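Novice: The lines below spell out each chain.
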Amino acid sequence: MKPRTPKLNNFMRNFLKVRRSIFIGLFLLAAINLGSYQKVFASTQEEKKDSTHQEVAKEKFNTVDFIFEHIGDSYEWHVVTIGHNHISIPLPIILYSEQKGLNIFLSSKFHHGAESFKGFKWEREGKYKGKIVELNERGEILEENPLPWNFSITKLVLSILISSLLLCFIFIGIARKYKTNIDKAPTGIQNFFEPIILFVVNDIAIPSIGQKKYQKFLPFLLTVFFFIWFNNMLGLIPIFPGGANVTGNIAVTMVLALFTFVIVTINGNKNYWSHIVNTPGVPWFLKLPIPIMFIVEFAGILTKPIVLMVRLFANILAGHMVAIVFFSLIFIFGAIAVWAGYTISIISVSFSFFMTLLELLVALIQAYVFTLLSAIYIGMATEEHHH
Amino acid sequence: MGLITPDYGLLVWMLISFGLVLFVLKKFAWKPIMQGLKSREESISKSLKMAEEARNEIKKLQVYNEELAEKARAERELALKEAKSLRDKIVEEAKNQAQAEAQKIIDKSRLMIIQEKENAQKELAQMASTLALEITEKVLRKQFADKDKQIEYFKDLLKEVSSKN
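Protein chains in written order, with this note's numbering: chain A, 667 to 1053; chain B, 151 to 315.
If you are wondering where the hints come from, they were derived from the structure by calculation, not from laboratory data.
Just so we're clear, the structure is a prediction, and the values are computed from it rather than from any experiment.
A couple of the hints might just be wrong.
Said to hold, decoys possible - No more than 27 angstroms apart at the CA atoms, straight line, and that leaves these computed lysine-lysine pairs for BS3-like:
hint : chain 1 : residue 1 : chain 2 : residue 2
1    : B       : K181      : A       : K850
2    : A       : K850      : B       : K221
3    : A       : K882      : A       : K845
4    : B       : K199      : A       : K850
5    : A       : K882      : B       : K188
6    : A       : K970      : A       : K936
7    : B       : K288      : B       : K272
8    : A       : K850      : B       : K196
9    : A       : K878      : B       : K196
10   : B       : K176      : A       : K882
11   : B       : K245      : B       : K234
12   : A       : K845      : B       : K305
13   : A       : K879      : B       : K188
14   : B       : K272      : B       : K258
15   : A       : K845      : B       : K272
16   : B       : K305      : B       : K292
17   : A       : K878      : B       : K177
18   : A       : K845      : B       : K196
19   : A       : K879      : B       : K234
20   : A       : K879      : B       : K196
21   : A       : K850      : B       : K188
22   : B       : K199      : A       : K878
23   : B       : K177      : A       : K879
24   : A       : K797      : A       : K775
25   : A       : K878      : B       : K181
26   : B       : K176      : A       : K970
27   : A       : K784      : A       : K766
28   : B       : K176      : A       : K878
29   : A       : K845      : B       : K176
30   : B       : K176      : A       : K879
31   : A       : K878      : B       : K188
32   : A       : K882      : B       : K177
33   : A       : K850      : B       : K254
34   : B       : K181      : A       : K882
35   : A       : K936      : A       : K878
36   : B       : K210      : B       : K221
37   : B       : K210      : A       : K882
38   : B       : K234      : B       : K258
39   : A       : K845      : B       : K181
40   : B       : K188      : A       : K845
Isolated chain A (complex conformation):
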């Protein structure tokens, strides 16, 4: 334990150094959050006013839509709304249908869902809400297979690509420093990340997997740790490169858990499989007429990655939801009376400030937990026989 304390101390020192700027940043963050959501709400109100339901929009603030718009995926990346002008980044739509073949175009062609393009429409209401549907010649949704194969670069996909590039850029840069700065004390960004890398190595990989085999799984554990952490942190930034709810999306966490599952299954040794098929140290009647133990153990193989998937997804989603609910409170109260909205905004901003603080911690903790559990599952699958 001893040799690790200086590294952690070093890390804490660095952290304390930037603590003040972090606090200032958080205040700004909360303020920007408030500002952007207010504008979004104003714009949705405006839109609704323009359409037929004038009186509805005035009184009712659709909290559910508001929340789901911010935690969900989208075919455009809304940046900011100034007055009536939406500034959003159009994203590429990639569709394949049997009738129309492959179609690639920008989502700006949909005009935020108001128009159809090439016989495709981005549905904003009804049964296929939020999805892209295929239309027939009369402009109606197809009866059979209305949903084309959709591999669009959505907001979340773009966010994943950005964070992936960021990860590669940062860590390849650090790796280059290890080549140029051989056997010297780490400097700069290398100095910031080295204790974290060593933490993953010394406190996650080695204790869970063991000194002999950890090196084989280290690249996966490090990548998963930093991928989750970076995306969690980017999710806390409210404007463009961040703000997407990547790790709070079940498809993303499913892929991460799938990687763990595949690695565990491929690397599971004889000992691991024999424990599942024929668990030692268990009375025979739990195995013979009905293989209860086998069913339980087999379910265990599947529940482990599912637990990983759901934990990360639910934690990050909840964090985003709570933050947005606090902001929604402002508009809910504001719809009742303007002064109530202003009053509650003070509470909302201060609460979301502390939520953001908490989420900063959660971002790291969830990355740690996912990596640690993955490492433990791998360690269990590769453990040698000890009886």
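Chain A is already provided as a structure; the job is to place chain B on it using the hints.
Specialist: Quick look at chain B alone, frame taken from chain A:
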């Protein structure tokens, strides 16, 4: 896009991008980073070992130096002692020699003194006898200036000699 129904498009893109990130980072980041860390760790432990060795070497040298100094001191002491004894011996010898020489000189002087004394005595005796003779001669001459007295004296002398015999 429901909350808990994974979207396959996103799933596929995530699979591709995470797989690529994993591959790229494994090859171009984690491998050199771990190598760098390992090499640094090795160099640090090597340096520590070398420092330890150097310290031991210094300690050994110190011990050796001390031993050497001790030996030198002992040697010096021995040399001093030897020199002292030698000096004493020389002094003693010189003393003895000087004494012997002095003795010799004294003896010689004594001999010479004795000789001189003897010579002087001899000379003195000679001189005394000469003087006595001269005096006697003069006395005799004076006494025997008178013939009667000479004859009387001889008579006495003869008397004396004849009484003795």
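Novice: Taking the hints in turn, state whether each one holds.
Specialist: Hint-by-hint comparison with the structure:
no. : hint              : verdict
1   : B/K181 <-> A/K850 : holds (18 angstroms)
2   : A/K850 <-> B/K221 : violated (46 angstroms)
3   : A/K882 <-> A/K845 : holds (22 angstroms)
4   : B/K199 <-> A/K850 : holds (17 angstroms)
5   : A/K882 <-> B/K188 : holds (15 angstroms)
6   : A/K970 <-> A/K936 : holds (19 angstroms)
7   : B/K288 <-> B/K272 : holds (23 angstroms)
8   : A/K850 <-> B/K196 : holds (14 angstroms)
9   : A/K878 <-> B/K196 : holds (23 angstroms)
10  : B/K176 <-> A/K882 : holds (10 angstroms)
11  : B/K245 <-> B/K234 : holds (16 angstroms)
12  : A/K845 <-> B/K305 : violated (159 angstroms)
13  : A/K879 <-> B/K188 : holds (16 angstroms)
14  : B/K272 <-> B/K258 : holds (20 angstroms)
15  : A/K845 <-> B/K272 : violated (124 angstroms)
16  : B/K305 <-> B/K292 : holds (18 angstroms)
17  : A/K878 <-> B/K177 : holds (21 angstroms)
18  : A/K845 <-> B/K196 : holds (19 angstroms)
19  : A/K879 <-> B/K234 : violated (78 angstroms)
20  : A/K879 <-> B/K196 : holds (25 angstroms)
21  : A/K850 <-> B/K188 : holds (12 angstroms)
22  : B/K199 <-> A/K878 : holds (25 angstroms)
23  : B/K177 <-> A/K879 : holds (18 angstroms)
24  : A/K797 <-> A/K775 : holds (15 angstroms)
25  : A/K878 <-> B/K181 : holds (17 angstroms)
26  : B/K176 <-> A/K970 : holds (25 angstroms)
27  : A/K784 <-> A/K766 : holds (9 angstroms)
28  : B/K176 <-> A/K878 : holds (19 angstroms)
29  : A/K845 <-> B/K176 : holds (16 angstroms)
30  : B/K176 <-> A/K879 : holds (16 angstroms)
31  : A/K878 <-> B/K188 : holds (15 angstroms)
32  : A/K882 <-> B/K177 : holds (13 angstroms)
33  : A/K850 <-> B/K254 : violated (91 angstroms)
34  : B/K181 <-> A/K882 : holds (11 angstroms)
35  : A/K936 <-> A/K878 : holds (17 angstroms)
36  : B/K210 <-> B/K221 : holds (16 angstroms)
37  : B/K210 <-> A/K882 : violated (45 angstroms)
38  : B/K234 <-> B/K258 : violated (35 angstroms)
39  : A/K845 <-> B/K181 : holds (11 angstroms)
40  : B/K188 <-> A/K845 : holds (12 angstroms)
Consistency note: the structure conflicts with the earlier hints numbered 2, 12, 15, 19, 33, 37, 38.
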